[in-house]
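Participant: Below are the chains, spelled out letter by letter.
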Amino acid sequence: MKFFKKISIVFSICTLSALALGNYCPSHATTAAEKFGTPDAAFDAEEMGDMTGYDPSNPVIPTGDTIKIAVVASFSGPAAANGEFYFNIVQWVAHDINQRGGIFVDGKKKLIQVFQADHMGKADQARKIVERMVLQEDVDFLWGTDGSHMMKIINNMADKHGVIALNATCLSDDLQDATNFSPYAFHAAYSTEQVGRAFGYFYGQRQKESKFYILNQDYSFGHNLADGFKKGLKEYYPEAEIIGEDYHKLFLTDFAPYLEKIRASGAEVVFTGDWLPDAGNLLKQARRMRLDVPFANIYMDEPNFLHEVGPGGTSGLMNLSAFSTENPQFQKPGYEKFYKTWNNLYHTTWNTAPYNTRTFENYMGNWGNWTMVTYWLMSVVERAKTTDAEKIIEIWENDVYQYVNGKIVKMRGCDHKIIHDLVIHEFVPKEEQKVSFNIEPYYWYEGTSSYGPSWVVPAGKILPWMDPELERCKGKSPWGE
Amino acid sequence: MNKKIQWTLWAAGLALIIFYPHVFGAYYANFLVGIAIFALYASSFNLLLGYTGLLSFGHAMFFGTGAYGTALALTHIDGLPLIPAILIGIFSAMVLAICIAPIVVRVGGAAFAMVHLAFGQLMFMMALKLRHVTGGEDGIGGFPTPPLSVPGVFSLDMKDSTLFFYFAMAVIVGSLFLMRFLIKTPFGQVIVGIRDNANRINYAGFRVPHSKAFMYVVSAAFAGIAGSVYVLFQNLISAYDAYHIMVHFMPVIMVMVGGVGTFIGPVLGAVIFGVLEEVVTYYTHNVGVVYGVILIFVIIYMPLGLAGFLNTIRMRLSAIWMKSADKSSA
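Protein sequence lines correspond, in order, to chains S and Y.
So the first sequence is numbered by this note's numbering: it starts at 1 and just counts up by one.
So the second sequence is numbered by this note's numbering: it starts at 1001 and just counts up by one.
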């Protein structure tokens, strides 16, 4: 009798808590796979084309009657590396599909042609180059980009000219809000609020650290990310304390004043959204100053600078990934095949910088996410059997897709935002990476710490922000249903 | 050039503008709008440097403020018509100029340039820091573009690229002619006199600082118009697009290459850089290198800019023609 009494008390408390806190009960944490079940389409590594000889620095680009994708990014100036990265990713997908013979659209098989469209980080140039791509080159898809303000222009132009714009990399939540929403724009990257809340949820579940310090770049992205983290802590870990908050200017070379403040504060974790080169300089200087506090980050995973710091200094970093799954990472044979294809090309064919640097050695993190969302778009085109934007929108809305590593994603129909689980990796030295890298040689990197233990942040806990003012979303649940 | 040829040229120019979007299509229509906006911006700078003798390294303050004024007005005032939105942009730039003018018109030369560089950077940092107002690096975008309308008479959709082309060209060409007219007035001649010899103008009884301040505000107003049309065209303005150091230097480079102190010089400069960028980006991403080479070439071989160079050639040809005419008559 006593047992039943206890059970009923626990049940009542849990039910009341769930009602009061809006489903905050670990048992209600729904993953994307649980929610969506069988995907509408999946990436099948067995169908991959022959990638032998693929070299991004010397790509084979078909011409003529093709499916045209413009990679709109910085290909010149201080952020030129971004363009190189993105181009490699999209060109990889194009090469693979072209090797398979192309995609059957509008009555015939067409190969994929990729264009480099340099926006130079300038709004007027972005508009001009996108118009050139759409009106002069007749591109079917716009793929972007570095900088949310640039993505806004791309989306705006996509809306004006009726072509599909895929946002694979920008994090700003307002890109798909009531003011900026376009039915032609699809946001397939995680967003600032999602990232912040994911870390809030993770630390709330872990209950190990409770004193946090925020150090971000001093512009909209850094502030929005910090707001997301504060929101996440408030939501999932109200006992946690933010004991310091600083914003530094971009491309800072001396972090010492901030690092001294962090040391004095007694912070247990530093949350940072810094991207390169700031992320690298921040970590290097922190370790030189013997400040061993872990960084919760999204971009502190670039292998070249991690190798400069070494395994000791990089151990304990907590990195958020939009591509990974729960450990071990190579659960699906297809992913192993894909990974080895990439890794072999890196060792045998990619001899030109930047593709011969450690950055490209392993197929993981951003490479994984960016390739998969591009494959997803191509899968939608294949199913639509046309490049007609309206038909593509119809199929992509609410589409559920499975990545090569088994990860399930959905495009929320009403505001075109991706719904997916995120994964937080703890960086550990080579000998402990086996828990994550479960195939030969059982480690990602030898000279630096890398992915070790991982924690899945279920999609249900970090559903992307939905603008209540957006007419299309009124009356929909956060899952978009 | 006699009146008949002048009128024929104007008529040809007008016909070109009317038929241009229909002949060349939307892409090249927008391309021309982009050039025209920078031509106006450079011309407004030329009022300062070319006609008043004031070199500013911070002219983007007014361009950016005009753009922000219009963008913020359209974002926050529901149903704001087009013309008042542009007027708010112009007014914002003028108010900023009126605030700064008492300080800056009392200095000249390098000090004037450096003070503007400082003010320009201050505006840039403020735009980045006050991100709740300006949107910071992400900027303000997605605001409604109102139609050009006279209630009960007509309403033209400014989202239509052809109609926007006509509207933008009307505003920009009209502004260019207003500037030209201003320089031809007696006051304009006083301004040119200040550039050439401020002391003499002072002795003649004109108030030099006040005249400079007036011209400064007028120049800011025209930069504000350029910024306002720019933001309507782009539907986005961010701290970088408004106040970045390159936005300050762009009109300086355009005016130097096109020809300082001439009406056509800044327009030529904007056309040269616009066309150059359009052509060069088909072949290379390194547009900056090409810009640099051209600037070095112009400074060494055409110190008066393209307009000055063409004028020199014209004068030499007419001298040769006169000489040969003299010989034949003798």
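Heads up, a few of these hints could be off.
What the hints assert, rightly or not - Chain S is faced by these chain Y residues, among others (derived, beta-carbon under 10 Å): (1) Lys1003; (2) Glu1278; (3) Thr1281; (4) Gly1308.
What the hints assert, rightly or not - Chain S is faced by these chain Y residues, among others (derived, beta-carbon under 7 Å): (5) Asn1030; (6) Gly1109; (7) Asp1241; (8) Tyr1301.
As the list claims (entries may be wrong) - From chain Y, some residues computed to sit far from chain S (all C-beta separations above 10 Å): (9) Val1115; (10) Gly1141; (11) Phe1233; (12) Val1287; (13) Leu1310.
Calculated directly from the structure, the hints in this document are not laboratory data.
Glycine included, every Cβ here is placed at the ideal spot set by N, Cα and C.
Participant: Decide, hint by hint, whether the structure agrees.
Facilitator: How the hints compare with the structure:
1. Lys1003: Where the cut-off is 10 Å and the nearest Cβ of chain S is about 38 Å from lysine 1003 of chain Y, the hint is violated.
2. Glu1278: Holds: closest Cβ of chain S sits about 8 Å from glutamate 1278 of chain Y, inside 10 Å.
3. Thr1281: At 7 Å from the nearest chain S Cβ, threonine 1281 of chain Y passes the 10 Å test, so the hint holds.
4. Gly1308: Violated: closest Cβ of chain S sits about 28 Å from glycine 1308 of chain Y, beyond 10 Å.
5. Asn1030: holds, 6 Å
6. Gly1109: With a minimum Cβ separation of about 31 Å from chain S (threshold 7 Å), the hint on glycine 1109 of chain Y is violated.
7. Asp1241: holds, 4 Å
8. Tyr1301: This hint is violated: tyrosine 1301 of chain Y lies away from chain S, its Cβ roughly 27 Å from the closest one there, beyond 7 Å.
9. Val1115: holds, 23 Å
10. Gly1141: Given a closest Cβ separation of 5 Å, the condition is violated.
11. Phe1233: Per Cβ check, phenylalanine 1233 of chain Y is inside 10 Å of chain S; nearest 8 Å; violated.
12. Val1287: Check fails; 7 Å does not lie beyond 10 Å.
13. Leu1310: Nearest chain S Cβ is 28 Å from leucine 1310 of chain Y, so the label holds.
Violated hints, in rising order: 1, 4, 6, 8, 10, 11 and 12; the structure is consistent with all others.
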